[in-house]
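By this note's numbering, the letter at position 199 of the sequence shown is numbered 199, and the numbering carries on one by one without gaps.
Quick caveat, the hints were computed from the structure, so don't treat them as lab data.
Backbone N, C-alpha and C define an ideal beta-carbon position, used for all residues, glycine too.
You may find that some hints are simply not true.
[To be verified] Calculated lysine-lysine pairs in the DSS-like style (CA-CA distance at most 30 angstroms, straight line):
no., residue 1, residue 2
1, LYS81, LYS58
2, LYS217, LYS81
3, LYS129, LYS199
4, LYS162, LYS192
5, LYS228, LYS64
6, LYS217, LYS162
7, LYS81, LYS162
8, LYS198, LYS145
9, LYS198, LYS149
10, LYS95, LYS228
11, LYS228, LYS199
12, LYS64, LYS145
13, LYS129, LYS162
[Said to hold, decoys possible] Beta-carbon label-pair distances, calculated as ranges:
no., residue 1, residue 2, range
14, GLN78, ARG155, 36 to 46 angstroms
15, PRO161, GLN78, 23 to 33 angstroms
16, PRO212, GLN183, 33 to 43 angstroms
17, LEU41, ALA227, 28 to 38 angstroms
18, ALA115, GLU43, 14 to 24 angstroms
19, ALA119, ALA213, 51 to 61 angstroms
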Amino acid sequence: MRRQILQFAAAACVIAAAAPVYAADFLLTTEEYPPYNMTYLGEITGIATDLVKAMFDKAGVAYKIDMLPWNRAIHLAQTQKNVCVYSTTETEERKALFAWVGPLAEINWVLFGRADAGAVSAREEVRGKSIGGYSGDAISLFLEKEGYKVEAAPRDDLNVPKLINGRLDYWATGSELGPYLAQQQGASGSIKPLLTFKKTVLSLACHPDSDPADLAKLRAALAGLRAK
Numbered sequence: 001m002r003r004q005i006l007q008f009a010a011a012a013c014v015i016a017a018a019a020p021v022y023a024a025d026f027l028l029t030t031e032e033y034p035p036y037n038m039t040y041l042g043e044i045t046g047i048a049t050d051l052v053k054a055m056f057d058k059a060g061v062a063y064k065i066d067m068l069p070w071n072r073a074i075h076l077a078q079t080q081k082n083v084c085v086y087s088t089t090e091t092e093e094r095k096a097l098f099a100w101v102g103p104l105a106e107i108n109w110v111l112f113g114r115a116d117a118g119a120v121s122a123r124e125e126v127r128g129k130s131i132g133g134y135s136g137d138a139i140s141l142f143l144e145k146e147g148y149k150v151e152a153a154p155r156d157d158l159n160v161p162k163l164i165n166g167r168l169d170y171w172a173t174g175s176e177l178g179p180y181l182a183q184q185q186g187a188s189g190s191i192k193p194l195l196t197f198k199k200t201v202l203s204l205a206c207h208p209d210s211d212p213a214d215l216a217k218l219r220a221a222l223a224g225l226r227a228k
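Turn these sequences into a full structure, and let the hints guide you.
Structure follows, in structure tokens:
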């Protein structure tokens, strides 16, 4: 799947480079969630961002992207027409709240522990233990609903030192995001993945009253990019 994502991203970059500039009709909101969406040298980029840009350009639908805290990013898409948020995990609770365009990528939800942590073979083994997450994140919401003890931080990167320093027993995050955030803080050797406990997809989630003709163009454009 990672190879497919990189192929999509490469195709996206080629199309985006040749795309015309439009006045914005859609506002796209996103958060710092590398490697899918992130800020690099002042530009909003990432694997999913490149694909989203190419999709809108191929469809001829104008857009603007804003990087926001997650709770604000998703709130705008829930309350304002022609606003979309990515990369949004498709969950049962969210499905009826948005009009979806995707998937943009597949993602694994992983339980991380300190480097000296013992093996974990099933999620039930960590019930009652403190698990790091962040506010509004689909992984945290899922675990909370299942009755796990989640300590939600304002940002996911704050969980790295909390886990290493023993303020958390475990940390639940994306398979790609966890190692990236640890590397950024020089802590790659201090954590390790213990258990992949769910597989899901990331998509573009739009306000349900967004222009249906434009949404149809976007879905067709994404299908065309995936067919390359």
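These are the hints, each one checked on the structure:
1. Proposed proximity of LYS81 and LYS58 is supported: the alpha carbons are some 21 angstroms apart, at most 30 angstroms.
2. For the given pair, LYS217 sits about 17 angstroms from LYS81 by alpha-carbon distance, which is consistent with the 30 angstroms threshold.
3. As the CA atoms of LYS129 and LYS199 are separated by approximately 22 angstroms, the hinted pair is consistent with the 30 angstroms bound.
4. A hinted pair counts as satisfied when its Cα atoms are at most 30 angstroms apart, and LYS162 with LYS192 qualifies at roughly 14 angstroms.
5. Note on LYS228 and LYS64: the hinted pairing holds, with a Cα-Cα distance of about 25 angstroms set against a maximum of 30 angstroms.
6. For the hint pairing LYS217 with LYS162, the CA-to-CA distance comes to about 44 angstroms; that exceeds 30 angstroms, so the pair is violated.
7. Simply put, LYS81 and LYS162 have alpha-carbon atoms about 38 angstroms apart, too far for the 30 angstroms limit, and the pair is violated.
8. Restraint check: the Cα-Cα separation between LYS198 and LYS145 comes to about 14 angstroms, which is no more than 30 angstroms; the hinted pair holds.
9. At roughly 17 angstroms between alpha-carbon atoms, LYS198 and LYS149 fall within 30 angstroms of each other, so this suggested pair holds.
10. A threshold of 30 angstroms between alpha carbons decides the hint, and for LYS95 with LYS228 the separation of about 28 angstroms falls inside it, so the pair holds.
11. Between LYS228 and LYS199 the alpha-carbon distance is near 25 angstroms, which keeps this suggested pair within the 30 angstroms criterion.
12. Simply put, LYS64 and LYS145 have alpha-carbon atoms about 34 angstroms apart, too far for the 30 angstroms limit, and the pair is violated.
13. Proximity of LYS129 to LYS162 is assessed by CA-CA distance (about 14 angstroms); at most 30 angstroms being required, the pair is judged to hold.
14. For the pair GLN78 and ARG155, the supplied restraint of 36 to 46 angstroms is violated, since their beta-carbon distance comes to about 21 angstroms.
15. For PRO161 paired with GLN78, a C-beta distance near 32 angstroms keeps the hint of 23 to 33 angstroms intact.
16. A C-beta distance of roughly 42 angstroms is found between PRO212 and GLN183, which places it inside the suggested range of 33 to 43 angstroms.
17. Distance hint check: the CB atoms of LEU41 and ALA227 are about 32 angstroms apart, consistent with the given range 28 to 38 angstroms.
18. Between ALA115 and GLU43, the C-beta spacing of about 34 angstroms breaks the proposed range 14 to 24 angstroms.
19. ALA119 and ALA213 have their C-beta atoms about 52 angstroms apart, which keeps the hinted 51 to 61 angstroms range intact.
Hint compliance for this structure: hints 6, 7, 12, 14, 18 are broken, all remaining hints hold.
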